[in-house]
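Student: In order, the protein sequence lines correspond to chains A and H. In terms of our numbering, the first sequence is residues 1 to 311. In terms of our numbering, the second sequence is residues 312 to 598.
Since the hints were derived computationally from the structure, they do not count as laboratory data. Heads up, some of the hints might be wrong.
[To be verified] Result set (DSBU-like, lysine-lysine): computed pairs, CA atoms no more than 35 angstroms apart in a straight line:
no.: 1; chain 1: A; residue 1: Lys223; chain 2: A; residue 2: Lys119
no.: 2; chain 1: H; residue 1: Lys485; chain 2: H; residue 2: Lys526
no.: 3; chain 1: H; residue 1: Lys485; chain 2: A; residue 2: Lys300
no.: 4; chain 1: H; residue 1: Lys526; chain 2: H; residue 2: Lys377
no.: 5; chain 1: A; residue 1: Lys300; chain 2: H; residue 2: Lys526
no.: 6; chain 1: H; residue 1: Lys526; chain 2: A; residue 2: Lys119
no.: 7; chain 1: A; residue 1: Lys223; chain 2: A; residue 2: Lys238
no.: 8; chain 1: H; residue 1: Lys377; chain 2: H; residue 2: Lys391
no.: 9; chain 1: H; residue 1: Lys387; chain 2: H; residue 2: Lys526
no.: 10; chain 1: A; residue 1: Lys238; chain 2: H; residue 2: Lys485
no.: 11; chain 1: H; residue 1: Lys387; chain 2: H; residue 2: Lys377
no.: 12; chain 1: A; residue 1: Lys223; chain 2: A; residue 2: Lys300
no.: 13; chain 1: A; residue 1: Lys238; chain 2: H; residue 2: Lys387
no.: 14; chain 1: A; residue 1: Lys119; chain 2: A; residue 2: Lys238
no.: 15; chain 1: A; residue 1: Lys300; chain 2: A; residue 2: Lys238
The lines below spell out each chain.
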Amino acid sequence: MRAMLRTAAVQSLVRDLRFMSYFALFLIGATRITPELTPLVVIWLSAWTLNICLAALNLPICRVLIPVIFGATLIALWQMACTIFAIPAVILPAPSQIWTAFTGNLPLLWGDFVQTILKGALTGWLIGAALAVLTAIAIDRSPFLQRGLLPIGNFVAALPIVGIAPILVMWFGFDWQSKAAVVVVMVFFPILVNMVAGLAATDALARDQIATWGASYPQALFKLRLPAAMPFLFNGLKITTTLALIGAIVAEFFGSPTRGMGFRISTAVGQLNMALVWAEILVAALAGTAFYGIVALIEKRVTFWHPSQRQ
Amino acid sequence: MSRALPVLTVLSVIVLVWYGAAIGLNAPWARDQAARAGEVLSTRQLVERTMMQDRPVLPAPHQVAKGLWDGINGQKITSKRSLVWHGWITLSATLAGFAIGSLAGILLAVGIVHSRVVDLSVMPWAVASQTVPILAIAPMVIVVFASAGVTGLLPKAMISAWLSFFPVLVGMVKGLRMPDAMQMDLMRSWNASRAQVFWRLRLPSAMPYLFASLKVAVGAALVGTIVGELPAGATAGLGARLLSGSYYGQTIQIWAALFAAAALAAALVAIIAGVERMVLRRMGLAR
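Work out the full structure, taking the sequences as your base and the hints as a guide.
Tutor: Quick look at the structure:
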């Protein structure tokens, strides 16, 4: 009778605890062999138990708390492992060292950020997106071009396009223009494929309706089909934010002025200054998340009517 | 068949534009050479000379095709100038990384679907990590492994494993969650154990999602390997071929390596699509 009254949450709590106890046995066995591991195991097990209990509570705040605890635990373990095992900074710097490198080099990192992200990635992304949207609208009127371009677009979207970086660096020089060109090519096809799908997304009923009102092609485009294509367009835009950063950074490995994130990473690796490399990675991670977040925010404002945006 | 004609038309337009661009971009060099030799070029001669330079700004399609043919067939496949040899170096690291990454992604997805606490802890980070340009750490991974004495296939495979891990994880979690409440209730009413629910309901319904994400992951793994071959003075692989081509201005070599990489990516995706069709047909899901 009692077993039947258990709720699903309690069941999953018991299951998680049971699984963790097996895991804990294994970890405690490991501390018998290497005693230095003991503080790490203690922290890991207590944080995990805390998370299991929080997950069983099922409060709204737990959705924020649990990942934060998990991330903080990982960073704490990283820091402790670096000090306890005296890992050389050349192989893996501790989070505290990375933070020192980050705060100590802010002007340098800001210059690299402007060069790579704002000039290279953002310019290229805007140009590429504009070109893709215009091309999609142009080929939308011709089913022949659509049938010809879409298979090629899908094919190209799966290729290692980043390989054209050396060619474009040769053509456009070492400065940010060549990085922007790489980004344009990288983001063009994913956005194009999404936008063409979006322009085809209106149903026949809505098209008939707007035709009965005697709407011209531009009117139908701006009042019906472009708004309907927005969720698809933003899907493509969100996918390509990461691609834009990757393209801009990787293109700098093939030649760059003496600033930029790719340049800094490759020279700092050469000087074995790993803390600075990780600080650049931190900048790239922050920039990537912020870039994605801003696009997602704009999407929320533009496609407020779409079912996926409803509260 | 209705697609063949439009695709061929677009392809031939691309080739024509390419020839036009090759003439335009290579003409200054040809004119310059002719002026130094004191010749005056007719238009016909000019066009001919833009087609046969050693280091053109943009090689014409037939030059790239010749470079590709020479790279594949021109010498023994064990030669260091053979694209087959470089391609194999890249392919082996890609496949190793792809296997490790997708296996880890599938296993973690199973954990996420079965445990609430793993889901709440890991999933937000997995989604957030998609927005981070992970490829930027590729050179560092290579150098770190090299300083620990590990070189060759393994460091590159780690990068491609890392890149193929997240698409598989996200797609597989979505797929394993596909069965709706009604199907789960039906399994419950049959008193199915969790293992039975997994093997007979969750896993089969995840298959289409698994294959879709595997196709993305294999492309990402190949890009990861190629970028992993770029930085630390690597001498083997398609990425190293790109880098040395860009150092020495050997444009034909770059384009040939690029097309070899594209063919490799297309072949890998096609193989997975073939397996997908076979598996889905066996399961009665293909239409």
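Student: Now, for every hint given, state plainly whether the structure supports it.
Tutor: Now the hints, each set against the structure:
Annotation: proposed proximity of Lys223 (chain A) to Lys119 (chain A) holds, straight-line Cα distance about 34 angstroms (limit 35 angstroms). Simply put, Lys485 (chain H) and Lys526 (chain H) have alpha-carbon atoms about 16 angstroms apart, close enough for the 35 angstroms limit, and the pair holds. Using a Cα cut-off of 35 angstroms, the hinted pair Lys485 (chain H) and Lys300 (chain A) holds, with the two alpha carbons roughly 22 angstroms apart. With a C-alpha separation of about 30 angstroms, the suggested pair Lys526 (chain H) and Lys377 (chain H) falls inside the 35 angstroms cut-off, and the hint holds.
For the hint linking Lys300 (chain A) to Lys526 (chain H), the alpha-carbon distance of about 29 angstroms falls within 35 angstroms, and the restraint holds. Of the supplied pair hints, the one linking Lys526 (chain H) and Lys119 (chain A) holds, its CA atoms being roughly 32 angstroms apart against a limit of 35 angstroms. Under the criterion of a C-alpha separation no larger than 35 angstroms, the hint pairing Lys223 (chain A) with Lys238 (chain A) is consistent with the structure, at around 24 angstroms. Distance check on the hinted pair: Lys377 (chain H) and Lys391 (chain H) sit about 18 angstroms apart at the alpha-carbon level, within 35 angstroms; holds.
Distance check on the hinted pair: Lys387 (chain H) and Lys526 (chain H) sit about 32 angstroms apart at the alpha-carbon level, within 35 angstroms; holds. For the proposed pair Lys238 (chain A) and Lys485 (chain H), the alpha carbon gap of about 19 angstroms is at most 35 angstroms, so the pair holds. A distance of roughly 16 angstroms separates the Cα atoms of Lys387 (chain H) and Lys377 (chain H); the hinted pair therefore holds under the 35 angstroms criterion. At roughly 19 angstroms between alpha-carbon atoms, Lys223 (chain A) and Lys300 (chain A) fall within 35 angstroms of each other, so this suggested pair holds.
Note on Lys238 (chain A) and Lys387 (chain H): the hinted pairing is violated, with a Cα-Cα distance of about 45 angstroms set against a maximum of 35 angstroms. Straight-line distance between C-alpha atoms of Lys119 (chain A) and Lys238 (chain A) comes to about 19 angstroms, which keeps the hinted pair within the 35 angstroms bound. This hinted pair checks out: Lys300 (chain A) and Lys238 (chain A) have alpha carbons roughly 12 angstroms apart, not beyond 35 angstroms.
Hint violations for this structure: number 13 only, all remaining hints satisfied.
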